[in-house]
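Residue numbers (the numbering used here), protein chains in the order written: chain A, 1 to 181; chain B, 1 to 181; chain C, 1 to 243.
Hints were generated in silico from the structure; no laboratory data involved. Be a bit skeptical, because a hint or two may be false.
[Said to hold, decoys possible] Here are the simulated distance ranges between beta carbons:
1) A:108 <-> B:89: 26 to 34 Å
2) A:138 <-> C:108: 33 to 41 Å
3) B:28 <-> A:71: 49 to 57 Å
Treat the numbers as computed from the prediction; the structure is a model and nothing was measured. A virtual CB, placed ideally from N, CA and C, is assigned to each residue, including glycine.
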Amino acid sequence: MDIKEIKSVIEGLLYVAGDSVSLKELSHVMDIDESTIKKIINQMIDSYNEEKRGIQIIEVNNSYQFSTRPEHYEYIERLVKPQTRQGLSQAALETLSIIAYKQPITKAQIDSIRGVKSESSISRLIDKELVFEAGRLDAPGRPIIYCTTDNFLKLFGLKNLQELPPLQDNSDEVAASEDVQ
Amino acid sequence: MDIKEIKSVIEGLLYVAGDSVSLKELSHVMDIDESTIKKIINQMIDSYNEEKRGIQIIEVNNSYQFSTRPEHYEYIERLVKPQTRQGLSQAALETLSIIAYKQPITKAQIDSIRGVKSESSISRLIDKELVFEAGRLDAPGRPIIYCTTDNFLKLFGLKNLQELPPLQDNSDEVAASEDVQ
Amino acid sequence: MSLSVKLEMFEGPLDLLLHLIEKAEVDIYDIPIAEITQQYLEYLDLMQEMDLEVASEFLVMAATLVEIKSKMLLPKPKKEDNSEPDIDPREELVQKLIEYKKYKEFTLLLKDKFEIYEKVFYKNPEPIEDYISEFTSITGVTADLLARTLSDIIKNNSTKSKRVYRQIFRETYTVDDKIKEITKMLVSKSNFYFEELFEDTCDKYEIIVTFLATLEMVKRRMIIVEQYMNFDKILIKRRKMSI
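Go ahead and model the full structure; you've got the sequences and the hints to work with.
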């Protein structure tokens, strides 16, 4: 297969899957090594964007998936039934951002950072499949630990957790940015 | 919207729909007259074909739909019958393989082959309707005996149990084939 | 003093405190604790006036603020040596606020991203009943995989038992010996189960040799062997008695 053919097959595969397809699966199905496929998909991502195609490829944890473009939102929504997308509350978003950076993390740790109970936020996030119970901490009481899901990455347009913007951990920097404000 | 933008929106719409979308719906959603859209879609059909894209637009009764290309059939089939996405735990898989080849078999016999308790695996397999309780053995304790179901055959694409691939009983051969993989 | 804070909902005491500090345009590392405490308490009063439920966390924070305030009013003990710097009573609170602020800022960023990506749609997977039945949960498991799995199990077991063989003298059991043993047993009993030939501690090799002996005896028409179904117990019967 030449590159054009490979791109064509990948396009067909991503279309049929609907869901995300891992690099591993693509490599297996097409019998081409993962690094070659990754390179080709990256080319595809670029050209889809340059050509302003109606579909884009999003990458999450080495899996790929088609999606529509956010800017076509209003047309798409007119075609498909408007999805009940109640957004996330401020409390849920705060809880989510703490879990994202500190995972794996227990409820008590989240509570202590936020200064309030986070129980209902956590269960909302679990319902929305943004967070999951990743097991229990080997500590007294064996508390449940929480991590973010791949769905979280997808919904927030992140390829992986390494793509989270760095937090300003250095307190001097915080102080400096304080002064600017 | 310029033509490029219209094409992009149509692509997004056809992608999301999966199903066929009528000219009328497209016209309504995009607020563009049907004949213009038809002209543009015809251009798209041509360019998808020229570029040998992985998806093509098919027209049926003034409705349009994406489909994969017939020549990519083998890859698509391999994806939808994935080898890598494994829906059974290793324990369940082991138990199922033993029951498949050694049926009818008791729990104690399965346990002794696996060297660990198989109770929960067996009940998982029963839940999935891959295995059923085929009666009791006429032996002390009258243990339940397990067999695979018709559903098992169907799911594994087997006409009957004789179609199970032969076991590589020679351990050297097994080892050799392991190395190749 | 007029309350400059609009009545709005805060996510918690830290959220409210941060708001007050930003409003007052003061350095987070040098919070004018008396002033901020005053405003914080006024806010709680306002909440109560409006019949809003004041969560216990807000009250705990109020107590903390008052405690810090009183500590700061106490005269600092004069120390001769400068080795140990005084611990600022506000220190712990400041650290908490900074930590919380980090995530609060990130929350805004998350919110922006979320607003973009919630406008993205995905198509459903193609219906592929032709290929897979409703039990999609076993996708990926093929008959070949079953065969390989069982072969692996058998292989692992056989390598285990090979090690056992090496520890045992191969000549310990012979088919002839076992035939004698079975014959001897049949003198006292007209029939018995194959299993009865073994002690609990016997090894696989012994079972195999005994089994071979049994087969040999069947072949020589010395015994009759009965088994009702696969894996059932094997009954060994004296041939003469079977009539």
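Quick rundown of the hints versus the structure:
The hint said 26 to 34 Å for the Cβ distance between residue 108 of chain A and residue 89 of chain B, and at roughly 31 Å that hint holds. Take residue 138 of chain A and residue 108 of chain C: their Cβ atoms lie about 35 Å apart, and the range 33 to 41 Å holds. At roughly 20 Å, the beta-carbon separation of residue 28 of chain B and residue 71 of chain A lies outside the given 49 to 57 Å, and the hint is violated.
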